[in-house]
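With the hints as your guide, set chain H with the ligands onto chain E.
So the sequence lines, in the order shown, correspond to chains E and H. The opening position of the first sequence corresponds to residue 38 in the numbering used here, with each subsequent residue numbered one higher. The opening position of the second sequence corresponds to residue -19 in the numbering used here, with each subsequent residue numbered one higher.
The calculated lysine-lysine pairs, modelled on DSS-like cross-linking and capped at a C-alpha distance of 30 Å, are:
no., chain 1, residue 1, chain 2, residue 2
1, E, K247, H, K123
2, H, K119, H, K137
3, E, K247, H, K46
4, H, K119, E, K315
Everything labelled a hint here was simulated from the structure, so no lab data went into it.
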Amino acid sequence: MKFTYYPGCSLHSTAEEYNLSNQAVFRALDIELEELNDWNCCGATSAHSTNEFLSHALPLRNLVLAERQGNDVVVPCAACYNLLRNADHHVRFGGEKGESLNAEIEAVMGSRYRGEIAVRHIVDVLTEPEVLKKLESKIKKPLEGLKLAAYYGCLLTRPPKVVSFEENPEQPCKLDLLIEKVGADSVRWSYKTDCCGGSLSISQPELVIKLTQTIVEAARYAGAEAIVCACPLCQANLDTRQHEAGGGPGGSTLPVLYITEVLGLALGLPGSEQWFRKHLIDPAPLLKSLDLLPAS
Amino acid sequence: MENQEAKVLPSFELVKEVEAKSGQPVGRCYQCKKCTGGCPMSFAFDLFAHQIVRYVQLGLKEPLLKSKSIWICACCKTCKSRCPNGIDISALNDTLKAMALKESAGAAEGKVAAFHDAFVSSVERYGRVHEAGMLARYKLKTKTYTQDMSLGIEFIKRRKLKLLPEKVRQLREIKQIFQRAKEKSQ
Ligand code: SF4
Ligand code: SF4
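The following block holds chain E by itself, in its conformation from the complex:
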C-alpha cells in the first residue's frame, strides 16, 4: 500500500508529534507514505470565512498536485481533510460552478483535477480490515487498563454526505475500534462529536474554554483517563485550555493523545518520549502508572 501524505501546516509546527507518530505507525504497518510535493495550506476556516473562491481553489491546487503524484491522498488533520474532500466534492458534483473552478485552476497550474484519486483520513485507512489485521499481528504491548475517550470533533463527520467515512456519523465508532484493538478500553460518552471551537481558539478564548471544559468534564465523568483525537486543532485546543479552565477535581487534567501515539505505544515503537515531550499536559505519569511506557 502506498499513499500520498498531505501533512498540512500544523503537522510541520505545533503538531509535530502527530506527524512523527503517523510516520512511525504507518512505517510499522508497511504502508508507504510519500509527502505531497510542494503542498500549500488548505485555507482552513479563515479562507472560507473570507472568500469562497479561495476556500475551494487552495485545496484544489493540492488535489491537482496529488493526482500528478498518482496515489490516493491520506490526511491526518480533520480540518484539512474536510476542506480537501469538500473541494473534491465540489468539482465532482458542483455542476457548472465546479467546472468553472476547475477551469480556473487549470489556467493557473496547466492541468485540471480529473477526480481519479480519493481523499482519505488516516483513521479511515487505519481501520481497513487488512490494516487492522496487520496491526493486531504486530502488537507488542497491549494497553491493558488504559481508559480512553475517543473524541472525533466536528470536521471528521460533518457534513456527512460530503466527508463522513463512518456508517453512522452521529455515532462514529472507528476511533473506538482502534482503541479497543490495541487492548485499551474505550469509554461510552456523549460528547464524541461536539465541537471544541478550534477555529476560534485564538480570537475567542473565553468561549473556547467553555466548550473544551464541557468536553473534558464529560470524558472524565465517563471514567476516561485520557482523551484520544485525530486532529491537531482538537488536540491543541483540549491540551492547552484545561489549565485555564481550572482543571477537574483538585486541578487534575486529562492528557490528550493522538490516535497514532496510542497505536505507537502498543506497537512498541521507539520515539514516544519525543512525542510526549511536546504535550502541555504530560501523558507520561499516567502511562507510567500503568507500566505502559517503553523502558528508556
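Positioned in the frame of chain E, the structure of chain H with the ligands alone reads:
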C-alpha cells in the same frame, strides 16, 4: 392595536441575494429549530441559528450584519447535518460576514476578523501558514499582547512554534489564486 408598523413582513430581496451567494435553500426553512438545538455556540449567540435563517427570510438585513453570531459561529456544521432541509448556517454566516465587511457594518467581533485576516495573509505570503508570524500579526492588530502569553512561552519551550516560515516553491500559483479571489469578491 399598538405599534402596527413594527410588524415585519417577508421580503424576498435578501433571501434571493443570500441564497445565490451562499448556495443555501434558505426559503425551505420551516423553523423546526433543530439547528439551534444542536448548536454548541448557542450560549454565546445574540441571534440563534434558526433566527439567522428567519431574519434572512424576513429581510432583516441590518440586525443580521451587526450580529455577533455570524462571527462566532464555530463552523462545526452540526446545523447542516441535522437540518431536515439541508441548510448550512455556517455557509450563510460566511456570506453575511462578507456582506458586513463590504457594506460598512464592519465586523461585530473584530478579533475574529483580525484572526482570519492574519491567517489568510500568511497563506498569501508563503503558501503555508507560518504560525509565529501569523500570531504576531494578529497581536499587533488586536493589541492583545498579554493574552495567551504564557501559552506562547510553553509552545516555544516545546519547540512547537517554528521561527522561520516554510515556503511553497510555486508561489506564483498561490499569488494567482489570491489574485483571482480578490477579483471575484469585488
Ligand atoms: S433545522 Fe433547518 S429547517 Fe429547522 S429551523 Fe434550522 S434551518 Fe430551519
Ligand atoms: S455551524 Fe455555526 S450555527 Fe451551525 S451548529 Fe455549528 S456553531 Fe451553530
